[in-house]
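Assemble the complex: chain W is given as a structure, and chain U must be docked to it using the hints.
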Amino acid sequence: MNLTEAIKVSSRALYKNKMRSVLTGLGVIIGIAAVVALVSLGQGVSNKIESQIASLGSNLLFILPGSTSMGGVHGGFGSVNTLMPSDAAAIAAQVPDALYVSPGVRWVGQTVYQNQNWATTILGVGSSFPMIRDWPVAEGNFFDKEDVDAAANVCAIGQVVKQQLFGGIDPIGKIIKIKNLPFKVVAVMATKGTAGFGQDQDDSILAPYTTIQKKVLGIDYLNFIFVKALSSSSVDAAQNEIEALLRQRHTIKTGSDDDFTIRNVADMLSTVMNITGLLTIFLGSIASISLIVGGIGIMNIMLVSVTERTREIGIRMAVGAKRRDILLQFLLEAVTLSTIGGIIGIILGSILSLTTASFIKIPVKVNILPVVVAFLFSFSVGVFFGLYPATKASKLNPIEALRYE
Amino acid sequence: MSQGTVQSSNDTVVKVVGLKKTYFLDHIAVPALKEVNMEIPKGSFVSITGASGSGKTTFMNILGCLDKPTEGHYLLEGTDVSLLSPDMLAGIRNGRIGFIFQNFNLLARTSAMENVELPLVYAGVPRHERQQKALELLEMMGLKGFDMHYPQQLSGGQQQRVAIARALVNAPSIILADEPTGNLDTKTSYEIMNVLKRLNEEMGVTIILVTHEHDIAAYGQRIITFRDGLVVSDTVGP
Numbered sequence: 207m208n209l210t211e212a213i214k215v216s217s218r219a220l221y222k223n224k225m226r227s228v229l230t231g232l233g234v235i236i237g238i239a240a241v242v243a244l245v246s247l248g249q250g251v252s253n254k255i256e257s258q259i260a261s262l263g264s265n266l267l268f269i270l271p272g273s274t275s276m277g278g279v280h281g282g283f284g285s286v287n288t289l290m291p292s293d294a295a296a297i298a299a300q301v302p303d304a305l306y307v308s309p310g311v312r313w314v315g316q317t318v319y320q321n322q323n324w325a326t327t328i329l330g331v332g333s334s335f336p337m338i339r340d341w342p343v344a345e346g347n348f349f350d351k352e353d354v355d356a357a358a359n360v361c362a363i364g365q366v367v368k369q370q371l372f373g374g375i376d377p378i379g380k381i382i383k384i385k386n387l388p389f390k391v392v393a394v395m396a397t398k399g400t401a402g403f404g405q406d407q408d409d410s411i412l413a414p415y416t417t418i419q420k421k422v423l424g425i426d427y428l429n430f431i432f433v434k435a436l437s438s439s440s441v442d443a444a445q446n447e448i449e450a451l452l453r454q455r456h457t458i459k460t461g462s463d464d465d466f467t468i469r470n471v472a473d474m475l476s477t478v479m480n481i482t483g484l485l486t487i488f489l490g491s492i493a494s495i496s497l498i499v500g501g502i503g504i505m506n507i508m509l510v511s512v513t514e515r516t517r518e519i520g521i522r523m524a525v526g527a528k529r530r531d532i533l534l535q536f537l538l539e540a541v542t543l544s545t546i547g548g549i550i551g552i553i554l555g556s557i558l559s560l561t562t563a564s565f566i567k568i569p570v571k572v573n574i575l576p577v578v579v580a581f582l583f584s585f586s587v588g589v590f591f592g593l594y595p596a597t598k599a600s601k602l603n604p605i606e607a608l609r610y611e
Numbered sequence: 002m003s004q005g006t007v008q009s010s011n012d013t014v015v016k017v018v019g020l021k022k023t024y025f026l027d028h029i030a031v032p033a034l035k036e037v038n039m040e041i042p043k044g045s046f047v048s049i050t051g052a053s054g055s056g057k058t059t060f061m062n063i064l065g066c067l068d069k070p071t072e073g074h075y076l077l078e079g080t081d082v083s084l085l086s087p088d089m090l091a092g093i094r095n096g097r098i099g100f101i102f103q104n105f106n107l108l109a110r111t112s113a114m115e116n117v118e119l120p121l122v123y124a125g126v127p128r129h130e131r132q133q134k135a136l137e138l139l140e141m142m143g144l145k146g147f148d149m150h151y152p153q154q155l156s157g158g159q160q161q162r163v164a165i166a167r168a169l170v171n172a173p174s175i176i177l178a179d180e181p182t183g184n185l186d187t188k189t190s191y192e193i194m195n196v197l198k199r200l201n202e203e204m205g206v207t208i209i210l211v212t213h214e215h216d217i218a219a220y221g222q223r224i225i226t227f228r229d230g231l232v233v234s235d236t237v238g239p
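Chain order of the listed sequences is W and U. If you use our numbering, the first sequence corresponds to residues 207 to 611, in order. If you use our numbering, the second sequence corresponds to residues 2 to 239, in order.
One chain only, chain W, in its complex shape (with noise of 0.2 Å):
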């Protein structure tokens, strides 16, 4: 018997018990559909933290001051203050792969215009911050190298900003008031969206460094450099020249811990990268288990199907089926309700994901590797199930098959 009537002779089978044949391949259906869409949501949200993270700017180089260990005691980012202004412009003077170097300082409160009055971020940043960070000036122009040197009490402000206090008004020249100190907008950022964690950008305003330092904070130190690198090669070589730099600027020893730390995006993006790459394959397996349990059924309905259609078996032998022939045919059903299953699951493991992801907000797209994966996974489970209760049946010997009642 030749394939094409092996699979004839199968799918007439299945159609001829269609209850048994939909509730058996429900199993696969469900298993699949939920490697499906756990592996694209997992995949989808995988991809928005990657994207937020570069929106942080790319090539980017933030330190902190602190260690993540000193003297065996972890303290947390932000827990000293060793990191000077000085250290900021020595880097941009010494450091040949630092593109640009900008002071921080962050100060969280109340802002108010008029009779509108809004809590935010307030960065203190250096006048090269727009290009470390890649976030373009919507409206007006950002404050210069002569507005920080100075101290000048003027602020850009993002849009979440922008609409709190102004709502349709064009903010740029109006007054706002920062811890009772006003400042002049000069500039709008454009939007910028959240960066990674949850922290939505546009909802911030940033001022010169200086100011924020004497007026508003009454502190010297800072609360973080960033640094663009030359290019995402120079990367690492300027991480290590800074780390040079300022280890023999804070004069530590060598073999003392670092009283600072350099994170880069890159580093930072790999690190998320691999946990949500590990959260996908997790979620994905425990979907498998489904699978699996659908597999088993598709055996259990298969072993009752050998034993209900022992005399067909037997009908089939007498008139010349060879062992091969019943193996094929049972196996065949197995693999046609699997793959069929699998068919439907991927469907609908789609429309799922697409279907959550438009309520969650997260831009997720169905990728052709795992639906083939998924594809050949239900193959594999018809043939792994289906193999035993066709094997069965081949074995029969043709005269109790046939005196079956």
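Please note: incorrect hints may appear among the correct ones.
To be verified - Under 8 Å between C-beta atoms, here's a sample of chain U residues computed to sit facing chain W:
hint : residue
1    : Ala30
2    : Pro32
3    : Glu36
4    : Ala91
5    : Arg94
6    : Phe100
7    : Leu108
8    : Arg110
9    : Ser112
10   : Leu119
11   : Tyr123
12   : Ala124
13   : Gly125
14   : Gly158
Hints listed in this document are in silico derivations from the structure and should not be mistaken for laboratory results. Think of the CB as a built atom: it goes at the ideal place given N, C-alpha and C, for glycine as much as any other residue.
Leaving out everything else, chain U in the frame of chain W:
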């Protein structure tokens, strides 16, 4: 007991030499066929009778290549089938043997035509040719117009005629009919027997019939009686 090659002449369809079959139930040997020698010429109509337990069913299973003898040789048209593998036996059943059973053994929820086609499916005959042949045979069996009926929609006699059509479809060397009238009423039994008789007389089909009913056995030209695994009488019929 015969050893080595056994030969049979050209007009002999079945030749059985020193055939023995012993079953083992919990390591106790139970002889079903003790020593059977027989020759059946082409075109015969042979009835095999005997009480239950006489060995006639075992003999039938061996003739039908569903079972293998423990000892001895069975030559079907000169081929020693007692030496063949299960898959080769399946091929012999497919091409050279037609079965007719007491309970018809048609595939349920499968049309009469497809039931008749079944041996040709395993022979690898193309669909169109199969259907044509099946329709011809159904018509010959007086079942024209019943080709799309399912077995459960047919009477016992009609079902058995579908089974006969299926047995004939591969133009086999022998037709083995195992109690073909056992599930039929008297009138239908005679109808079926007349169909078989006509096949034998008009088309020269070799028929081997197993039955325990004397009036049915009487349709055969030759009646062979089994008792305790041995042939006890072999007579030419009335």
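Next item on the list: Let me know if the C-beta of U:Ala30 comes in closer than 8 Å to any C-beta of chain W, holds or violated.
Entry: Violated, because the Cβ-Cβ distance from U:Ala30 to chain W comes to roughly 19 Å (cut-off 8 Å).
Next item on the list: Against chain W, run the beta carbon of U:Leu119 and see if the smallest gap drops under 8 Å.
Entry: 5 Å, holds
Next item on the list: Report holds or violated for the interface hint on U:Gly158, using the least CB-CB distance to chain W and a cut-off of 8 Å.
Entry: Because about 19 Å separates U:Gly158 from the closest Cβ in chain W, which is outside the 8 Å limit, the hint is violated.
Margin query: Let's test the interface hint: is any C-beta of chain W closer than 8 Å to that of U:Phe100?
Written below: Holds - the Cβ of U:Phe100 comes within 8 Å of chain W, reaching about 5 Å at its closest.
Notebook entry, point to check: Measuring from the C-beta of U:Gly125 to each C-beta in chain W, is the shortest one below 8 Å?
Noted result: Holds. Min distance 7 Å.
Check: Would the stated hint for U:Glu36 survive a check requiring a Cβ distance to chain W of less than 8 Å?
Finding: With a minimum Cβ separation of about 22 Å from chain W (threshold 8 Å), the hint on U:Glu36 is violated.
Check: Going by Cβ atoms only, is U:Leu108 closer than 8 Å to chain W?
Finding: 6 Å, holds
Next item on the list: Tell me if U:Arg110 is really an interface residue toward chain W, meaning its C-beta lies closer than 8 Å to one of theirs.
Entry: 6 Å, holds
Checklist line | Satisfaction of the U:Pro32 interface hint, Cβ to chain W closer than 8 Å | finding: Since the shortest Cβ distance to chain W is 18 Å, the answer is violated.
Notebook entry, point to check: Any CB of chain W closer than 8 Å to the CB of U:Arg94?
Noted result: 5 Å, holds
Next item on the list: Classify the hint on U:Tyr123 as holds or violated, based on whether any CB of chain W lies nearer than 8 Å to its CB.
Entry: 4 Å, holds
Note to self: Let's test the interface hint: is any C-beta of chain W closer than 8 Å to that of U:Ser112?
What the structure shows: Hint violated; U:Ser112 Cβ to chain W Cβ min 11 Å, cut 8 Å.
Hint check: violations occur at hints 1, 2, 3, 9 and 14; the rest are consistent with the structure.
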